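Following the hints, put chain B in place on chain C, whose structure we already have.
Each chain, written out:
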Amino acid sequence: MDRKTYYGKFGGQFVSESLMNTLEELDKAFEEAIKDEKFLEEYHYYLKQYVGRETPLTFAERLSEKYGTRIYLKREDLNHTGAHKINNVMGQILLAKRMGKTKVIAETGAGQHGVATATGAALFNMECTVYMGEEDMKRQALNVMRMEMLGAKVECVRFGSNTLKDATNEAIRVWAKTAEDTFYIIGSAVGPYPYPKMVKEFQSVISREAKRQFYEAEHRLPDVVMACVGGGSNSIGMFADFIEEKGVELIGVEAGGKGVKTGEHAAAMALGSPGTLHGMRSYLLQDEDGNIKLAHSISAGLDYPGVGPEHAYLKDTGRVEYVSITDTEAMDALLELCKLEGIIPAVESAHALAYAIKKAKMMEKEEAMIVCLSGRGDKDVNTIADYLAGKGYMN
Amino acid sequence: MNRIEEKMAALKGKNEKAFITYMTAGLPDMEGTKALIKAQEEAGTDVLELGIPFSDPVADGPVIQQASYKAICQGVTLKKIFSMMEQIRLEGVKIPIIFMMYSNTIFHYGVKAFVKKCKEAGVDGLIVPDLPFEEQKELQDAIDKEEGAILIQLVSPVSGKRIPMILEKAKGFVYCVSSMGVTGQEAGFHREIVKYLESVKALSPIPVMMGFGIRTPKDIVPMKHIIDGAIVGSHFIRLLEQNHYNTKAAADYCKSFKKGMQNL
Chain C
132 MDRKTYYGKF GGQFVSESLM NTLEELDKAF EEAIKDEKFL EEYHYYLKQY VGRETPLTFA
192 ERLSEKYGTR IYLKREDLNH TGAHKINNVM GQILLAKRMG KTKVIAETGA GQHGVATATG
252 AALFNMECTV YMGEEDMKRQ ALNVMRMEML GAKVECVRFG SNTLKDATNE AIRVWAKTAE
312 DTFYIIGSAV GPYPYPKMVK EFQSVISREA KRQFYEAEHR LPDVVMACVG GGSNSIGMFA
372 DFIEEKGVEL IGVEAGGKGV KTGEHAAAMA LGSPGTLHGM RSYLLQDEDG NIKLAHSISA
432 GLDYPGVGPE HAYLKDTGRV EYVSITDTEA MDALLELCKL EGIIPAVESA HALAYAIKKA
492 KMMEKEEAMI VCLSGRGDKD VNTIADYLAG KGYMN
Chain B
732 MNRIEEKMAA LKGKNEKAFI TYMTAGLPDM EGTKALIKAQ EEAGTDVLEL GIPFSDPVAD
792 GPVIQQASYK AICQGVTLKK IFSMMEQIRL EGVKIPIIFM MYSNTIFHYG VKAFVKKCKE
852 AGVDGLIVPD LPFEEQKELQ DAIDKEEGAI LIQLVSPVSG KRIPMILEKA KGFVYCVSSM
912 GVTGQEAGFH REIVKYLESV KALSPIPVMM GFGIRTPKDI VPMKHIIDGA IVGSHFIRLL
972 EQNHYNTKAA ADYCKSFKKG MQNL
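Here the protein sequences come in this chain order: C and B. For what it's worth, our numbering labels the leading residue of the first sequence as 132, then goes sequentially. For what it's worth, our numbering labels the leading residue of the second sequence as 732, then goes sequentially.
Next up, chain C with everything else stripped away, as it sits in the complex:
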């Protein structure tokens, strides 16, 4: 068996036979590209001149003072399109171009990855179709409009739960039919190998920058590095350069929804069991018959019943600790960051912040942590308003 496709017992390529050659071709093209100076130069050019990197590492003064430790925020919210998703889209779309593909497809839940893909497709003049569940299209109507303004076609997926999980299934189906001229841009650290590897590579810029920036500020390594985990793209990028630094404590924060004991959550690591979905073997939320359960979170970006295979491996080896934060805790942290630092974070990122606050209370004053602020909260204003009005939320 080809073990290079695995992270421990997780990962692999659970796809139909007709995609196996495509995946091999993709892996080969990717490996060549990331060793090619010209490709890397182009990728970094667009990250700098188009995405707006590097993003700052902001010392959160008032938050640090209140909770008694040094808290730094890696500002992925300041990227073009408002989140870390664009880092990966730039890498994959340049790879698509290099492979001679003329069309790209993507799945999207909240719409952030869809918007990032539509953006990249506009920039590189590629035909773009985004698959989105009917439910998600309703609750993220603004992002649907943004994608359409950017020239993408948004395909409505009506099956099962009508959400991200089903949109991903549909994107995989379409890809299996059209792989000859179409590149599938997966937005999270999930999917069949080599996708988890590619997404990690293109998101690892987050930790490379953060490590250097932190060193410039503190002349050492951070004590704790933290990020939220849905499928796990911002977190794998935030952890990448610190995994080998054994002295750095790594923490992934899952969405606990209404509480992990209520059954309405997205904590695949806390309560999932190994299984196969979307081409990978990983921890998944499943029912007693092995059907995939619906995830629940106030944050659409964390509302996924699985997690990337490398995270599953990092959990099993104990290198990363995975914890969960409820909807309410995340919203409290979100509002606190607004007031204390003048930053409106995405609801996803607020999960990492909420745990950072808990963790800070256990840390010494001179210790320091980096929290990945994966995106900005502009997209979440309706969710926040509904939450504050006590209406619950649409999710």
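Quick caveat, the hints were computed from the structure, so don't treat them as lab data. Values in this document were obtained by computation on a predicted structure and should not be read as measured data. Check each hint, because a few of them may be wrong.
[To be verified] Just the calculated beta-carbon pair ranges, DEER-fashion:
| no. | chain 1 | residue 1 | chain 2 | residue 2 | range |
| --- | --- | --- | --- | --- | --- |
| 1 | C | Lys234 | B | Glu865 | 47 to 57 Å |
| 2 | B | Lys926 | C | Glu419 | 38 to 48 Å |
| 3 | C | Lys392 | B | Lys868 | 29 to 39 Å |
| 4 | C | Lys140 | B | Pro936 | 28 to 38 Å |
| 5 | C | Glu156 | B | Lys902 | 51 to 61 Å |
| 6 | C | Ala272 | B | Gln993 | 48 to 58 Å |
| 7 | C | Arg450 | B | Pro953 | 54 to 64 Å |
[What the hints assert, rightly or not] Cross-link-like lysine-lysine pairs, in silico, DSSO-like; alpha carbons within 30 Å at most:
| no. | chain 1 | residue 1 | chain 2 | residue 2 |
| --- | --- | --- | --- | --- |
| 8 | B | Lys810 | C | Lys424 |
| 9 | C | Lys135 | B | Lys868 |
| 10 | C | Lys179 | C | Lys424 |
Note that the Cβ used here is the ideal one computed from N, Cα and C, for glycine as well.
Okay, now just chain B, sitting in the frame of chain C:
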């Protein structure tokens, strides 16, 4: 000898092509499924594929997706399908039956326990569309040990140089997918279909079946000299739905397809 292999040998002796259907287990209900199996056995269907419903049927087109979803909503589970299988075998049903299912259902049940249960329940073969050759080791090892159901290998029009590897230990028959993508394609077969089927046939020591997008015996005229049989899935499900799962309608279709295939 496995029932599928026996059937293949018998068909070869008679110089007949195999007719294989697919239907989702548990529709319209478990009793209805039993009746449809019996009606088809009588009508001359050679092998039956039973679709085990899964929440995320990524290799299936809309017809089978919807059928699968409907079955789940009605409470159809693998355990219930196993008991139905045990019953029909006790009732004397001898037609070879293949489970077409997704890997997660097997992993969740436990690979070894699943293979053992298949043998007990009289399941003769497995088709797992999201378990390509490289991922089959765990299941294949369990199967080799148990000597029960066999794992049917799938080949696609773009398998190319992978074909010899896939065929090396293949058993029963080879399932040639007629197009890229998912079940029930309206768009027709792959543009290189004949060349592709010829290349598989040339290498295959076991019968070669074609599936995906077949509706009538006429559909296989261009490849009648190559393939050893045809599999009808989405179209059969649609036909069952349109006829409210009437067993006579199912039997009539199977009879006429089987007959039509011998007169191509």
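Here is what the structure says about each hint:
1. For the pair Lys234 of chain C and Glu865 of chain B, the beta carbons lie near 27 Å from each other, so the given range of 47 to 57 Å is not met.
2. Restraint check, Lys926 of chain B to Glu419 of chain C: a C-beta distance of roughly 46 Å satisfies the suggested window 38 to 48 Å.
3. Checking the proposed 29 to 39 Å range against Lys392 of chain C and Lys868 of chain B shows it holds: the Cβ atoms sit about 37 Å from each other.
4. For the pair Lys140 of chain C and Pro936 of chain B, the beta carbons lie near 34 Å from each other, so the given range of 28 to 38 Å is met.
5. For the pair Glu156 of chain C and Lys902 of chain B, the supplied restraint of 51 to 61 Å is violated, since their beta-carbon distance comes to about 29 Å.
6. Between Ala272 of chain C and Gln993 of chain B the Cβ separation comes to about 57 Å, which falls inside the hinted range of 48 to 58 Å.
7. The supplied range of 54 to 64 Å is met by Arg450 of chain C and Pro953 of chain B, whose beta-carbon atoms lie about 56 Å from each other.
8. With a C-alpha separation of about 18 Å, the suggested pairing of Lys810 of chain B with Lys424 of chain C holds against the 30 Å cut-off.
9. Between Lys135 of chain C and Lys868 of chain B, the direct Cα distance comes to roughly 15 Å. Compliance with the 30 Å bound is thereby established for this hinted pair.
10. For the hint pairing Lys179 of chain C with Lys424 of chain C, the CA-to-CA distance comes to about 40 Å; that exceeds 30 Å, so the pair is violated.
Of the hints listed earlier, those the structure fails to meet are numbers 1, 5 and 10, in rising order.
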